[in-house]
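Protein chains: 2
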Amino acid sequence: MEISCKETAAFLQKAEDILILCHRNPDGDTIGSGSGLCRALRQMGKRARILVNDPIPRKMLKMAEGLDGGFLPKTIVSVDIADEQLFGEALAPYLGKVDLAIDHHPSNTHFAQRVFLDPSAAATTELIFLIIRELDIPLLPEIADCLYTGLITDSGCFAYSNTTPRSHRIAADLIEAGCSYKQINKLFFETKSLSVMAAEREALNSLEFHFDGRVALLFISLEMMERTGVMESELDGISAIPRKIEGVEIGITIKERGKNEYKISLRTGESVDACAICKNFGGGGHARAAGCTIEGSLDEAKTLILGAAGQALEELK
Amino acid sequence: MEISCKETAAFLQKAEDILILCHRNPDGDTIGSGSGLCRALRQMGKRARILVNDPIPRKMLKMAEGLDGGFLPKTIVSVDIADEQLFGEALAPYLGKVDLAIDHHPSNTHFAQRVFLDPSAAATTELIFLIIRELDIPLLPEIADCLYTGLITDSGCFAYSNTTPRSHRIAADLIEAGCSYKQINKLFFETKSLSVMAAEREALNSLEFHFDGRVALLFISLEMMERTGVMESELDGISAIPRKIEGVEIGITIKERGKNEYKISLRTGESVDACAICKNFGGGGHARAAGCTIEGSLDEAKTLILGAAGQALEELK
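Residue numbers (our numbering), protein chains in the order written: chain A, 1 to 317; chain B, 1 to 317.
Honestly, the hints are just simulated from the structure, not real lab data. Being a predicted model, the structure only gives us computed values, none of them experimental. Beta carbons: idealized from backbone N, C-alpha and C, even for Gly. Treat each hint with caution, since some may be false.
What the hints assert, rightly or not - If you only want the chain A side, here are some residues facing chain B, beta carbon under 8 Å, derived:
id: 1; residue: S161
id: 2; residue: P165
id: 3; residue: K192
id: 4; residue: R201
id: 5; residue: E226
Construct all of the structure, not just a fragment, from the sequences and the given hints.
Here is the structure:
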């Protein structure tokens, strides 16, 4: 059953001993939404805690600090979770038992008893903001920090096309509520580790163009990752580089995984379906960002993925 | 004489045949401010045109399209110009003759008869927005495009510390006025030309660290600019790189300008005043981003700017 913001606030007003579920491979929005909501509920005098399957990334630890706990939950709320497949093992006991889902994914499967769903929100933290305002409790700076983090990580700091006037107005209110936006922006968008910088420099040196500059390809070797000390989880920014080049419709990043094993990341413009290309090799993902793994020599991996990319371009004609 | 937004609007209300000056090496804020103001004045039935010393960067041509013209000006207005040194040859006839300066640089030298100066604005286009609202004329989509462009280019798409709640609220209003924010975000933050990519790769290869990694320095030679085909105006993103590196407090980019002439761009963290350092060499700008020109050999320029940077770090102790 879809419910409104007002109904969501009324439900939470009455709720007790609330467990908040975040999705696996947590990002800034699920941790920001869970931590922000949890802190707001505690402020109302309720017992609340958050639960995530995987370790929380270092940059997000502060938001979630002290939000675990041991009580037996009476109310189960999920935030930013589109599908029960994103629960992970730690959340398995709550499959089919979610009382309220708060989400902005259009693909939400309505797995919960009630869902406050608004696909026009750039981030789920926008919805948590609306709920807190409806509950009429003070927006503490530490709550504003959580909501702002979700907002900027899901909207690419207001650059992605999901950003709306409401996103900006909420950002203004969060800044006025005292959120540490300068530090948070810096942490998420203005800081690169030395190893990432070194890896980026080397990766750029491997840049190749194909199909009249419509396909760009970067290669990252295991040896280079070891030498620069860059971690696999830090390579996301690098994978985004080839697609940003003017005229490039398909950006490919090939990462060496092991002997004869290559992980391919694909980013595409509006016209090409990255997911469809990666499905040829047993992979998947989204229309604009997808991945797969190819076994064989580097030359073979390159030929296969370039072949599929070229075919996708042919089909546009 | 400093004047208020209301007084600025009243002045423009009465002004006729207005020439709007943009600073040399034009950026998104000076072109956005000049073009936005020019379009607003034309909408009021006035004759208005803009003038810039250097070629307008390709990404900004659309804003300024059709805004030249041949009438003899009666009123001279400058936008986003802190100092008459930023006029360039084409604007030299108007030295000492500016009736109104609209600016957000704290270092504004008050060269104009009147100045509407607000250093708390992330961009001068924020001030043009306030003036247009004061003038009570409709905010056309093509004007909103200009103002939004200045706002995002000067605030790093709302990531820099100059961003305020007002910046976000103005962004919300501009989006509602129909600005093409998705296309503009993509153009400025999601697209790199091949020449910029090549220049970035080469610049990264020149990266040096000093003072225990607290200062990072990039060098861009004329020969490299010619070889990669990158334009001076496209180097802004590159200048931002050194400061982003973890642990770096002062990021320096040295660009060769001519024989024994080097343009220095400084970006600093919260603790160091970039403008104060650049003032040592006759430059200026903002606390977190400033610039100057040093004459001498490359080694001399490096030694001088590194010396001043090191001294600024010493003073923190």
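Against the structure, the hints:
1. The interface hint given for A:S161 is met, as the beta carbon of that residue sits about 4 Å from the closest beta carbon of chain B, less than 8 Å.
2. Residue-level restraint check for A:P165 holds (minimum Cβ-Cβ distance to chain B is 4 Å; threshold 8 Å).
3. Of the supplied interface hints, the one on A:K192 holds, with its beta-carbon coming within about 5 Å of a beta-carbon of chain B, less than 8 Å.
4. A hinted interface residue such as A:R201 counts as satisfied when its beta carbon comes closer than 8 Å to some beta carbon of chain B; here the least separation is about 4 Å, so the hint holds.
5. A least Cβ separation of about 19 Å between A:E226 and chain B goes past the 8 Å threshold, and the interface hint is therefore violated.
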